[in-house]
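Sequences are here, hints too, so could you generate the full structure?
Residue numbers (the working numbering), protein chains in the order written: chain H, 1 to 280; chain U, 1 to 299; chain D, 1 to 266.
Don't read these hints as lab results, they were simulated from the structure.
You may find that some hints are simply not true.
[Stated by the list, open to error] Not everything, but these chain U residues come out facing chain H in the computed CB check (under 7 Å):
#1 Arg20
#2 Leu58
#3 Phe86
#4 Tyr92
#5 Tyr96
#6 Phe105
#7 Lys108
#8 Val109
#9 Cys110
#10 Gly111
#11 Val112
#12 Val275
As the structure is a computational prediction, the values presented were derived from the model and not from experiment.
Ideal placement from N, C-alpha and C gives every residue a C-beta, glycine not left out.
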Amino acid sequence: MNVLAMSGRVTTIARNTFLEAVRQRFFNSILTLALAMLLGAHFFQQFNFGASELKFIADFGFGAIFFFGAILAITAMTQLFFSEMENRTALTLLAKPVYRLEFLLGKFFGAQLLMAVFCLVLSLVLMAVMYVRESALIERFPDSFADGRVVQYWDCLLFGFIQWIKFGILSAIALVIASFSNTNLYTVIVSFFVLVICQLQYIAQDAYGEIVNPLGRFAVWLASLLFPNFQVFNVGERMFVSVVEEPLGAMILLGIVLYGVAYTAFFLLLALLHFRNREI
Amino acid sequence: MTSPAIRIKNLTKDFATGIRRTKLRAVDALNLEIGHNEVFGLLGPNGSGKSTTIKIILGLLAPSAGTVEVYGESAVKVAARHSVGFLPEAPYFYRYLSGRELVRFYAKVCGVAPSEREERVQSVIDLVGMAEAAHRRVGTYSKGMLQRIGLAQALVHNPRLVILDEPTAGVDPLGAAAIAEIIRTLKERGKTVLLSSHLLAQIEGMCDRVAILHRGRLIESGTMETLTAEAGLESLVVDRLTDSVRAEVEAVLQRHGKSLRRTEVPRRSLDELFVRSVRERESERLKCGQELSNRGGDK
Amino acid sequence: MKDGWQQYFWMRAGRIGLTLALLVVAGLLLRPLERPLWQAVKAGQPELNLAELEGALGQGILVGVLGGFRAIVADFLWIQTNHYWQQRNRPKTETMIQIVTRLDPRPDFFWFNGARMLAYDIPNWRIRELGGYDVVPQSVQDQIDYEQAMRGIALLEEARSFHPHNPRFVLEIAQIHNFRLKDTETAAEWFFQASQMPGAPHFAARIYAELLRRLDRPMEAYEFLRKHHQSLPKQADPMAEIVLERIRDLEEELRIPLPRRYFPGR
Chain H
1 MNVLAMSGRV TTIARNTFLE AVRQRFFNSI LTLALAMLLG AHFFQQFNFG ASELKFIADF
61 GFGAIFFFGA ILAITAMTQL FFSEMENRTA LTLLAKPVYR LEFLLGKFFG AQLLMAVFCL
121 VLSLVLMAVM YVRESALIER FPDSFADGRV VQYWDCLLFG FIQWIKFGIL SAIALVIASF
181 SNTNLYTVIV SFFVLVICQL QYIAQDAYGE IVNPLGRFAV WLASLLFPNF QVFNVGERMF
241 VSVVEEPLGA MILLGIVLYG VAYTAFFLLL ALLHFRNREI
Chain U
1 MTSPAIRIKN LTKDFATGIR RTKLRAVDAL NLEIGHNEVF GLLGPNGSGK STTIKIILGL
61 LAPSAGTVEV YGESAVKVAA RHSVGFLPEA PYFYRYLSGR ELVRFYAKVC GVAPSEREER
121 VQSVIDLVGM AEAAHRRVGT YSKGMLQRIG LAQALVHNPR LVILDEPTAG VDPLGAAAIA
181 EIIRTLKERG KTVLLSSHLL AQIEGMCDRV AILHRGRLIE SGTMETLTAE AGLESLVVDR
241 LTDSVRAEVE AVLQRHGKSL RRTEVPRRSL DELFVRSVRE RESERLKCGQ ELSNRGGDK
Chain D
1 MKDGWQQYFW MRAGRIGLTL ALLVVAGLLL RPLERPLWQA VKAGQPELNL AELEGALGQG
61 ILVGVLGGFR AIVADFLWIQ TNHYWQQRNR PKTETMIQIV TRLDPRPDFF WFNGARMLAY
121 DIPNWRIREL GGYDVVPQSV QDQIDYEQAM RGIALLEEAR SFHPHNPRFV LEIAQIHNFR
181 LKDTETAAEW FFQASQMPGA PHFAARIYAE LLRRLDRPME AYEFLRKHHQ SLPKQADPMA
241 EIVLERIRDL EEELRIPLPR RYFPGR
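So, in structure tokens, the structure goes:
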């Protein structure tokens, strides 16, 4: 397999997938909704929380990025995959000298490009909202900001990047399910179900040491191995507003990215395993 | 010895259907060879296994048994598809791309070198007669235009073998005639064409050889002449005869031990009549338009 | 027919089995990477007392909390607390303060504001409930003030277990003793404790000295401020100027002879 030619084909399919994705009404609706929610963070002004208002805006922003991002990652990936299948454009594409892995990677990277735009736009808007509010609060409560600004703005972009990595795993999971499922709806429902399990996987991992019954212990051990731990990416409050005393080190952040990339690659290969024999 | 364009040996394809996974045989022990520079028609009613056979040739389906080779390369391998261009039945393309962008997209996917890409895109757009509409979004195209842009994408990487699945289905006679014209051009350019259809009349004039499938089995195959000619008979088309002349002709035939089996008035097909009439009307309209614009220019 | 179904069944089962096996292999391979990452991330997330919160929050919200929306759920519950506070709904305000601080003990904001509501606002509501300041005898008012102040202090003591190095919690306790309970001696002890913590605001030391003075221990206050001034940064710090001013005031008050007076740098 010529790697250069392969990457060229993947890029072409990804670019086309991205173009298709941004034209979808769904993406625009989710983006608008998420932006409206972020801009609605001005709602916190009425409570007169003082400097702590920034924490509320940050939590709200992280929540919006995660909630809408997860919806978008699953539905966009599913929609982009099934639109190729149902409209039979996959038939034309796979009748070309295109490997099925290239098709899957093209679809995945197209969706990830969409998620990158989503994360970037939301992180930038969150930064802007925070900056405006922090500037106003500094004027109103100078004592609370005696040591200067409390928001670490660049970390907001880093947080957006880490969420993007997490959405990568989520999109890859949706792709695995889509690769063997027959319907869009089934894929979306099962993907959300897996998302919930991944969000709660840490409970099984933490419970492992506390369970005495060997059968229960084995079940918990197995459950913690089957799904990635999405709580590893839940680092917003450790990065953005200095709520927690100890911020995360660079090595931990790098490890988180590596963990996400490794799981994404694994799920993409799993998707290929199911898709390679799929009858188009 | 050079390999044929397509070699199908004992091809069988079963599908499992329904909740009980009942086996349904779509193609049954099919053997077929399609040579170079041939226009080959795969004919048969709906559900006869034509599309399944095509999908196996394209590597989109795996055979249950048997082998398929494209220019000596197993159809399962992606490399086999470098030599193949494919137009699916009732093609649907990315609606948001223009015709040119669509063909360019497939050119990139097929690995057409950037230095010759634009030239290739333009030449296939010209070949299918879509130069005027190439800038328009695919979503605005009629069925016939979709077929033609579909042909352009199938040809953009200059394949040796072109596979057309029901190319004239749902297309008006004018569009079908245009497609027939393109197929003839492809043959002139040395391409091998495999086309499937259940509209036999439309492709009758295009094919060198045909195979007829029924319930997945090959029931007839051969050249058009061998399959359609009535054995031992010949027809002469002459000016209308009077009764006395006809009697003389019959007498001559009888002298040579032959007989006049039947007399009939040769008819043009309705398709042919339609195409010719519409084309004449179109050329008149164009001529009028030309004259009007010339007059306008004179003023 | 049976064959077709059986073949399909075994094919599907084989594929599901292979997928599960691969997932376990991936989990095992990535476990050495995941474990330290999770430990590091978990270190910033205090344990949840699920049994306590389950009744208060309900299953649905609890799943949200466990699923990573802990901070945002706490924020919204705080907004609800604020609503009850505006309505002067004492039982609900107190309950919500407990829930929010247990749900997310990381932000100091919840603790401070909760403690202030308990120690400063709720006594007023209770006295009004009993008929108002003109009706309720002073002894009852004092009792209510004491009870509520102690609840505020208890909350802040709990906060200190999550934020042991934050001097602001100690200061907050000191202030309740000082302003709410008028217990100058205990307040002075807490201000002293706060002044000795790294990152403590300078006023903690000055207030401690001032309270010593009010307790008729000016000499102690003077000695403390001399030591404190020496610990301040050497550059022309406006804080150091203020401390020096207070030292001079005390020297005047204590009539300290000139040779024994404090001269920094000598």
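Each hint tested on the structure:
1. Arg20: 17 Å, violated
2. Leu58: 4 Å, holds
3. Phe86: 4 Å, holds
4. Tyr92: Constraint on U/Tyr92 satisfied, holds at 5 Å.
5. Tyr96: 5 Å, holds
6. Phe105: 6 Å, holds
7. Lys108: The hint holds - U/Lys108 has a Cβ within 7 Å of chain H, the shortest such distance being about 4 Å.
8. Val109: Check passed: Cβ of U/Val109 comes within 5 Å of chain H, closer than 7 Å.
9. Cys110: 5 Å, holds
10. Gly111: 6 Å, holds
11. Val112: 11 Å, violated
12. Val275: With a minimum Cβ separation of about 28 Å from chain H (threshold 7 Å), the hint on U/Val275 is violated.
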